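Order-wise, the sequence lines are chains A and B.
Using numbering that gives the first Met the number 0, the first residue of the first sequence is number 0, and each one after it goes up by one.
Using numbering that gives the first Met the number 0, the first residue of the second sequence is number 0, and each one after it goes up by one.
If you are wondering where the hints come from, they were derived from the structure by calculation, not from laboratory data.
These figures come from a predicted structure and were not determined experimentally.
SDA-like mimics (lysine to any residue), calculated; alpha carbons at most 20 Å apart, straight line:
| hint | chain 1 | residue 1 | chain 2 | residue 2 |
| --- | --- | --- | --- | --- |
| 1 | B | Lys96 | A | Met336 |
| 2 | B | Lys56 | B | Ile221 |
| 3 | A | Lys259 | B | Ala231 |
| 4 | A | Lys124 | B | Ala234 |
| 5 | A | Lys298 | A | Ala81 |
| 6 | B | Lys96 | A | Ser345 |
| 7 | B | Lys56 | A | Ser340 |
| 8 | B | Lys96 | A | Gly335 |
| 9 | B | Lys93 | A | Gly335 |
| 10 | B | Lys70 | B | Gly60 |
| 11 | A | Lys276 | A | Thr247 |
| 12 | B | Lys93 | A | Gly346 |
| 13 | B | Lys93 | A | Phe343 |
| 14 | A | Lys376 | A | Asp150 |
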Amino acid sequence: MNSEAFRKNDQSVFYAVLGVIGLVVMAGLGAAYYMEHHGHVVTGMTNQIVWGLPHVFALFLIVAASGVLNVASIGSVFGKPAYKARAPLSGLLAIAMLAGGLMVLMLDLGRADRLIIAMTYLNFKSVFALNVFLYTVFFTVVALYLWTLMDRKMHGYSKYVGLAAFIWRLALTTGTGAIFGFLVARQAYGTALLAPMFIIMSFSYGLAVFLVAQAVMYRWNKRTLDEAVLRRMKNLLGVFVAAVLYLTAVYHMTNLYFAKQVDFEHFILLDGGIYTKLFWIGQILIGSILPLFLLFTTKKCSTVVFASLLVILGAFAQLYVFIIGGQAFPLNLFPGMEATSSFFDSGIHSYSPSLPEFLLGLGGLAAAVLITVIAAKVLNFMPKEDYSQAAH
Amino acid sequence: MSKTDNSRRQFIGAGVAAAAGLVIAPGVTLLDLAHARPADEAASSANRWGMLIDSTKCATGCNDCVTACGKENGVASTGHPEIDPQWIRKIELKEVKSGRSHSLPMMCQHCAEPPCVDVCPTGASFKRADGIVLVDRHICIGCRYCMMACPYKARSFVAEPITDQKPGRPRGVGTVEACTMCVERVDAGMSPACVEACSSANHGAMLFGDLNDSNSEISKRIATYATTQVRADLALNTGVRYQGI
Ligand code: SF4
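In isolation and in its complexed conformation, chain B is listed as follows (with noise of 0.2 Å):
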């Protein structure tokens, strides 16, 4: 584990132990953290977490997965199509020679090697222990740099005042963000919202996991079945696989 490393894992422990100890409104508590690991227990090179996206099963025009996130995360059109922020889009791809096509949710993959943390002049872009990309949005300036480095188009830009935050997912007008592969939620044991609403609905496109550890569903999957990484020529190791692509 490299240095920087450390010291995010030291930075996201203190980040979030002082999250957790934020109250909103009276009574109303920012992060609940308690039933997974403790809040001053920093995240874990231990864990890997990641998703694996079965395309074969991903419907097209199903939106399940986009609406739970906007949802969970509060992020919601602002009727500007071109400056709305999408953490999660729905893709519809044809091969150009056979005809086929397939369908499946994009987002920020959650690269091993990301260029938007590469890029980022403040570090306000981060890397956890486990595996899941942030931006800090106090140390965010807005320069959009990572926007350009990002392979995905996975990070938007808040261009507008933002007024109906939900409680514990910061975002504000001139930073950048991104899907943070529900961090929360990750933190607190549960999978990403996107993941129960595909698994809700019986669709079972996407399952989440731990990529270190070799028992887990998503590692055994990935043992066994062919999986793709999108722009795997760019070797950012991606957190986010795919099938069926």
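Chain A with its partners taken away, still in its complex shape (with noise of 0.2 Å):
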């Protein structure tokens, strides 16, 4: 079947694309077989660095997924038609994200094969074990809300649904959060902080992406997106960069307050070179201050979806400092004293990703996208109210 989402386009253009992203994602299935045949020695994963480029592509698919689902939250719960409108696929991002960014998580454990005792093995104390809970759960509600949608028997239950997955989703980024605010060992983690500063990134993720794949789908369908709808949704984006910024802001001096914390910050803020770097020129640069001139300056749709590539860049950029800074960071175990040893107990732990472990991380992206795409063409999900008087 032929939805409205494609209609005007030549097929073979779309199964071209599509070709491409199936290509990307069986290459990081490959880069995972790779990986997981060789062991992570041919990744740049090491004992120090426990956690590398995989967990940024993850994390990032994990918080925008629970984010993009608010463009539904303000639907649904707070009853903004224009938002509305765009339920559907926000509920199919979140679902395709968090897929994706679940399949790198799996594919990149040691043990991939032990699918089943993740599953079945679960440690109640463990934020890891609750988290697969939270997902589990998440893709049963997001799915049902995506019915209630669709299905226009079912549309009286939307708000109540729309409700429940509203609720979930904050806990979902509370929990993501919460794996690392229980590492109170590491200087970067183990602060409660954490958890409201991942609800509002994934806030800011996540629209920032369904931005994006809006922009796509109307440009694809050769739809102009309605101004008023557009200035809305920018300005928002607007807001949920400040905050970002703002709690980004508040974690640093709130680790500088703290004198065991002021190592660790010297070297984020001021000498960590790549994650020096990457904070002041990526994050705040690239994935702040740029978008926010650029979104409350523009009135343009294509510099509304540039600025919103920026902030995912951004994102990357914050997710690396973050996941790969935080453990490149070592752990002080006698404070006052200098330590050395075979075991790297002193001195920045060094990180370069290898080609395995960016094939892995974008092979999940890929996979996002595709699920997005494949279902976009069977099901509707196009936003509907601004459709039928869309100009182009």
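Fit chain to chain and form the complex, with the hints in mind.
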């Protein structure tokens, strides 16, 4: 069946695009197989940097997955029609990105073949295990929610299921933040601030992804997005980006306040090499200030999309600094002493991501795109309200 | 004793019993537990195995404990220092202000409240009733969350297939491992390989014993001298204690 979403387009172009995305997914799976076969020695990950690039991709996808659902929540829970029309697309993106993110996390495991163990042996004290539960319910609730949105007979329930999905997504992001919040031993993590910070990050990443996906769908169908809708959404993204900036400042200020964290802050903010650069240039300049400026000065759809892409780039920079920079700084076992050993107890740990890791991460991203594209082809996810009057 | 500890106890009891019966090659039994406690008897919370390390007796450059550990457990360098598993390592310390230096072995501290056990999604990381913290290599999925959580950098990830495993010392690519306090030796009534090596070379920097037994040498020394737990601020109640730092 051919839906509105791709109605007007040349089938062959569609399948070519699909093929390219499929190839990227295959490359990711191939990389995972390669890593599994040879062991993680073929990656840049070590006993110092135990979580690497795959985790940056996975975390981005998972955090953005919960955030992208906000569009639906604003529609269903807070009753804004412009957002409600976009709820199905938002739900679809949420499911697709969560699936992509989990794929990366799973395939990066040292023993990815033990999936069954991962699902059946649960230590309920573990935040990780809690997250497995949160993800499963999230899939179910969002799928139900999509059903209530897309099946006329079920419309009556959409508000309630939408509310459930909204509450669950908050729980899910809190859970994701808590994965790091519980790591009390490491200076970068182990603060309760991470839960609200991850929630705000998800708002911003999610909306940025949504704006890009929406623009692609409109462009594909040669439709123009309603100006008022665009204005509202871009302003909202601006607010979210500013909020992330604010919480980032609070996070670093709080760290600076504690004497034992000062060295770590010094590392990230001043002399951490790649991490310092990624922080100031990637996250702050490219990922926050520039998009903020663009979002509040432009009216053009293409500029908004560009700004959204910058926000996504900034998100990757932020997560890279957070996950890898946080591990690059050595654990301090003996305060006031200099430690040296053959096990890298001193100095900044180095990390150079390898191609398989990158391909695995990219494969997860591509999987999310693939799921979205196929679903959008089969079912109707095109935002509805400005559909009929949309000019081109 | 908490419920988890109980089930752990049953689990390890069963595991040890099964392991004891395992035969790798004809005539070679994986574990020989007969001397200490019967194979079907679970580790008991009546004991808490621990170590006391006296850094004043530990010489800079001495690596005897590390060598013994490697030999005992089949942990060897693979030529990639950044991914080589290290169950025990020597740390050289220098006080920034005074310049005073120490040397000490660092390994899994066998915490009473182990963060690795709390975070492990599958329960592969567990603490035996007698306080020894272990990884069940059959359940570990290799997520490395425990390595993120460990304050002591005590755990290593096996990033390459292992070919020359020692019988009775299970290791495997894709899983996480760490000091087991030579649990097999402890169960057989011996002390860990590192401790034995240290005392047979007459350094006497490492002492192994039961922290729960007030008459044990280790308990007496802890009652007499000032000892420290590394990262005591985290209140993990470590089984490995240090003197002289
Ligand atoms: S790596 Fe293994 S032992 Fe460590 S937390 Fe993951 S499953 Fe548990």
